[in-house]
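Participant: Residue numbers (the working numbering), protein chains in the order written: chain A, 1426 to 1914; chain B, 17 to 116; chain C, 297 to 798.
Hints are computed from structural coordinates only; laboratory data are not their basis. Careful: at least some of the hints might be erroneous.
Listed next, with one range per pair, are the computed distances between beta-carbon atoms [as the list claims (entries may be wrong)]:
| hint | chain 1 | residue 1 | chain 2 | residue 2 | range |
| --- | --- | --- | --- | --- | --- |
| 1 | B | Thr37 | A | Arg1533 | 42 to 48 Å |
| 2 | C | Lys404 | A | Arg1533 | 49 to 55 Å |
| 3 | C | Lys510 | A | Gly1507 | 32 to 38 Å |
Which chain B residues face chain C? A few, computed with CB under 8 Å, are given here [what the hints assert, rightly or not]:
| hint | residue |
| --- | --- |
| 4 | Arg19 |
| 5 | Arg33 |
| 6 | Gln79 |
| 7 | Val106 |
| 8 | Pro108 |
Predicted model, so just to flag it, every value in this text is computed and none were measured. We put the CB at the ideal spot given by N, CA and C, even for glycine.
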Amino acid sequence: MDSLEAQSAGLAAAEVSSVELVDAALARIEAADATLNAVVGVRGDAARAEAAAADARRSAGDRRSPLDGVPLLLKDNMVQQGEPTTCSSRILEGFVSPYDSTVVTRLREAGAIVLGRSNMDEFAMGSSTEHSVHGPAHNPWDTGRSCGGSSGGSAAAVSSGMLPFALGSDTGGSIRQPASFCGVTGLKPTYGRVSRFGLVAFASSLDQIGPIARTARECAWILDAIAGHDAKDSTSIPEPAPRVSDALDGDVSGLTIGMPREYFEEDGADPEVVSCVRAAISELERGGAKLIEVDLPHTPFVVSTYYLVATAEASSNLARYDGARYGRRAEGVSDVDEMYRRSRSEGFGDEVKRRILLGTYVLSAGYFDAYYRKAQQVRTLVRADFERAFAQCDVIAGPTYPEVAFELGSKQDDPINMYLSDVYTVSANLAGLPAISIPCGLVRDLPVGLQLQGRAMDEATLLRVADGFQGRTDHHDQRPPGHLGQAAR
Amino acid sequence: MQRITRQDVERTADLARLSLTEAEIVALTRDLDRILEHADQLKDLDTESTVPTAHAIVLPTPQRADEPVPGMDVESALANAPLREGSAFVVPKVIEGEES
Amino acid sequence: MSVDPMERYEAVIGLEVHTHLKTRSKLFSPAPVRYGDEPNHNVHPIDLGMPGVLPVLNEKVVGLAIRLGLATHSRVNQRSVFSRKNYFYPDLPKGYQISQYDEPIVSKGWIEIEVPTDSGQPAAGEKKRGETPKERRRIGITRAHLEEDAGKSIHDAAVAGADDTHIDLNRAGVPLLEIVSEPEMRSPEEASAYLRALRSILRYIDVSDADMEKGQFRCDANISLRRRGESRLGTRTEIKNLNSFASVEGAIKAEIVRQAEILDDGGEILQATMAYDPQRGRTRILRLKENADDYRYFDDPDLIPLIIQDEEIEAVRADMPELPDEKRVRFQDEYGLSAYDVGVLISSRPLAEFFEQTATACGSAKSAVNWITRDLMKELNERGVDVGELAITPEMLGALIRLVDEGRLTARSARDLFPELAEQGGDPEAIMRVRGLEAVSDPGVIDGSVEEVVGANAKAVESVRAGDDKALNFLMGQVMKATQGKADPTDVRRRLVERIRG
Ligand SMILES: [Mg+2]
Ligand SMILES: [Zn+2]
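Working from the sequences, and respecting the hints, build out all of it.
Facilitator: What follows is the structure, encoded as C-alpha cells:
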C-alpha cells in the first residue's frame, strides 16, 4: 500500500487509519533513509497529531479530498510556520519560518499531512542532489547512482515507498529529471498555476511547484489540491484552476502528439534511452493518438538561454542571505562588510557560488545586453517555437533526460556538461508550459522518463495523455529492487 | 579567446559579496569562461527586432487594496536574528558611507 | 578674485526628491505605515525579506502617482516596469530595492516656481532696496517613479554602541515616489523655491504629507559648475539626504563654494557622492563614483509590468483637487484679490479652503481676505500651527465679519475677540451678547456723548475748528472711551465734525 491511490482508498474504506499511515511512513524512513538520505527532517509528533485529527474528521463524515489523511514530504525549500527550512544550505542553518507557504496552507485544507522535508540540491541548483549540506541523496534503483535533482529527495522517497507523494519544485527540470531517474511521475504545472508564495526563490520567472507521485492520476489529485489563484503571488494565474482529475478518461484517441525533430537527433543522448522513449510514444499511437513531427528550431540554444536567465535572477534572489536577520552569520566579524563576505562565502556551496557569480556577471555593466538581454530575447524565440508547434499538435513528446541515472560524483568536475543535459527540460520553464515525466521503461535496469509538454494552462490534456499511457502500460508499477513496499504487495 | 579574466571574477565576487580562495578564483575563472564561451552561440541569432521576455505569463498587474494588517508579533519577527538588542536587529558596524 | 563664485560660474542644479506616499499600508506588503513606533513593530515577513516572500502592489499608489503626473503636466505612462536595484546594505532586507528604472510611471513634465527676476545671475552692482521683482519660471520634471523605502540603520554609538549598528525595518517598504527634476535650477534659492513649490503641490493633491521632520520628504541635489558663457556641463556631484529647506540651500551654497575653489585653482571636480554637515556648513566626499556600486538593474521577475488604462487616468483627472496655480488664477479673477493676498491664501490648501468658506459665510471676499491675512495669519504664526489646528471655523469667522460689516460689532471689539475665538471657538453673536459688546448705534446715545465731550474740552474744540485733525482724533478717542469702544468710529467722527464745524 505504497501509492497515493491505494492509501487514499484504504482510508476511504476505513481499512487503515491516517495515524497508521504516518507511523508506517516513519518506520520506512527509519529503515531506508540511512541508505538513501532522501529525508532531512521529520515532524513525527506533529504529524501524528494531525493524522489523529484527520481520522476523527473523516470518521465524522468530513473527507476533504483524496489526499485527506495521507502523509507527504515537502521539498526543503517550501516554508511551513514553526518548522525549519534549509534549502540544503549551511546559510539557512537554524532558520525557522514565521509563516506558511501557500502550498502548505492548501495541503492542510485538503487534509494532507506534511510528515517532513526532503533533500535537495542547495537552493535547487543542481541535477543530482549531491550539492547538499545534508550530504548526497541516493537512487533507490542503485544507491551508487544519483536520484537526480534538485528535487531528488522527493523522488527517491516516493520511489522507495517511504511516502506516497511529495512536492518538488522545478526551475529547469528539477521535478521531471529526478522523477525520470527514480521511475516515478513528476509534473511541472504551467507557470503561475501553483502559488510560489513561500517557495524559496531560485529563479522567480521559471520556478514552479509540482507533485511527484506514482501516477498521472495521483498528480492530478495533488494538483487539484494545490493549484489555483493566490492573491499573494503577483504571477499567479487569475482564473480558477479547472479540476484536472475530472479530465482523465484513459482515452488518447484523436489527440495529436508532436515529436520534435531536434529531440530525436540523438547527438549526445543515450541511444537506448531514445529508443525506449520512441517505443513508448508508439504505444500512444496504438492507443489512437496521431504522431507528427514538429520543429523546435531553437532547441540548441535553450540551455545557454536558461542558464543566463536563471543565474541572473538567482544572483539577486540570493542576496538576502547576508547573515543580518536570519540564518547563519559568520563568527568574529568586526564590520558589516566582513559579515556579508564571510557569511556568504562560508554559507554557500560551490555550485551556488558558481551560479551567483555567473548571474552577477551577466547583469553587470557592460555585459547586460550581450548576455542577459540577449537571453531574454531568445526566450521569446523559444516561446514562439512552442506556439507554432502547438498549432499542429496537442502534446509534445520526447525524452525527459538524455540518459539514465548517472553515478554519484561522476559529473562533479564538469558543470557545463551537466548543464547541457538539461536540454529537454528547460524549455518548458522558459516558455512557462506544463510538462510531465512518466516512467516508460528500463534501460540497463534503470528507469527512463518520457516527457510530455503541453499548452500553457492545459494540464488537463497533458495529464489525460499521461494517464492514458499509464492505463495501457505498467512501467509506473515497477519498483526498485528490494523495494520496501514489495513485501506488502 | 579568453572571455573571463581573473580580474573579472574578482570584481564580480566583490559585487556579490563573496570572498573567494585562490583555488576558487582559478576554478571559477575557468568555469565561467567555458559557460560564456558556450553562451556566445546566442550571438548567432538575429534578435534585432525581438522583444525580450521577462515573464512567462501575461497578466493585468495584480494589485491589492490599501488595507493594513497588523505587523508581525515582534518576537516572531526577531526570532531568527543572529543578534538583537531590544527589538532591533544588530549587525556589526557599518564603515562606508550611507546609502539611500 | 571676487568672493562670490556666482560671478564667474553658473551653477547647474538638479534635484531628486523622495516623498512618502500617503497610504495606510506599505508598497508591496500589507504591514501598516506608521511613524514613531519601537523598532520592527510594523513589519511583515515581506518587509524582512524572509525566504519565499513575494511582493504585491498596493493599488492606492497607482492613483497617487497618476495625480502627481497630472499635477506636474507630465506624461503618465501606460506601461511602467518594476526593476530591482541590487546592492548590499543592512537596512535593505532583500539585497535589492524594488524601484522603476528605464520605464517609470511618470515622465516629462514641469512645474512653475517663482523666483527673483535676476535669480541665478551674477549680482549686478548694488541691489535695489524694497521688493525684488519676481518672475515665474518652469522647471522640468524628468521623471517620477515608484519605489520602496529602506529601513533605518542606527549608527549612533549612544544607542547601538561603538561596534554595532541597529536595524529597524518599520520604514522598509514604505511607498516612495522619487521625483527627478531637469538640471534647470541656477541658484540655491531657485532650488529651494522648486522644493517649496513641489511640496505644496504634493500636499494640495493629497499625495504626500511631505513632513520633512518625519523624513517623508527628502532631497538629493546634483550640482555642477561651468564658467559663465560656456555651454558644456561640468562634472557633477550628488549631495545625499538633505531633509530641510535650510540644509538644501546651505548644502548647495557650500558645494558651489567648494567646487569653485577647486576650479579656480585649476583643479578637477571628481564625480562623487557628498554629505552635508549643517553644523560646519560644509560638504564632504562620502565616496567617489569610480568605485560606486554597479546596481545591476533588471526587471523584477516577481512583478508584472504595470499597465494603466486611459479610463483610470481620466477617473483620477476627474477627481483631481484644484492645484495651487489654478487657484491662483481663479482667486485673482473671481475675487479680484491682489497677487500678494493670493500668494498668502494659496500657500496651503486648508488655508485657501478656509478663505473660500469664510467668504461664503460672510458674503465678502474682501473682508474675509483682510481678516485672514491679518488676524488669522498672526495667530497661526504665533502659535506655529496649521489652520486646521485652531478651534475657529470659517462659519465662526464669517459670523464675526458679518457682525462687523452690519455695524453690530465694532472692528475693534471684533479684533479683541479674535484670539479667544481662534483658541476656543464659539458663536461670535452669543459671545457679543453675553459680554454686552454690541455696537452703540443709537444716535441719541452717541450724540449725548459727543455733547458731553465737546462741553468738557473747549480747547480741543477750538483747535478742531482751526483745522487740527490731531485734536479731532483726541476728541474721537474721548467719545469712544465714553461709549466703551462700542460706537462705530466713522459714525462718531462724522457726528463730531458736524457738531463742531457745523
Ligand atoms: Mg536617487
Ligand atoms: Zn530613490
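Participant: Return the numbers of the hints above that this structure violates; sort them in rising order.
Facilitator: When the structure is compared with the hints, only number 4 turns out to be violated.
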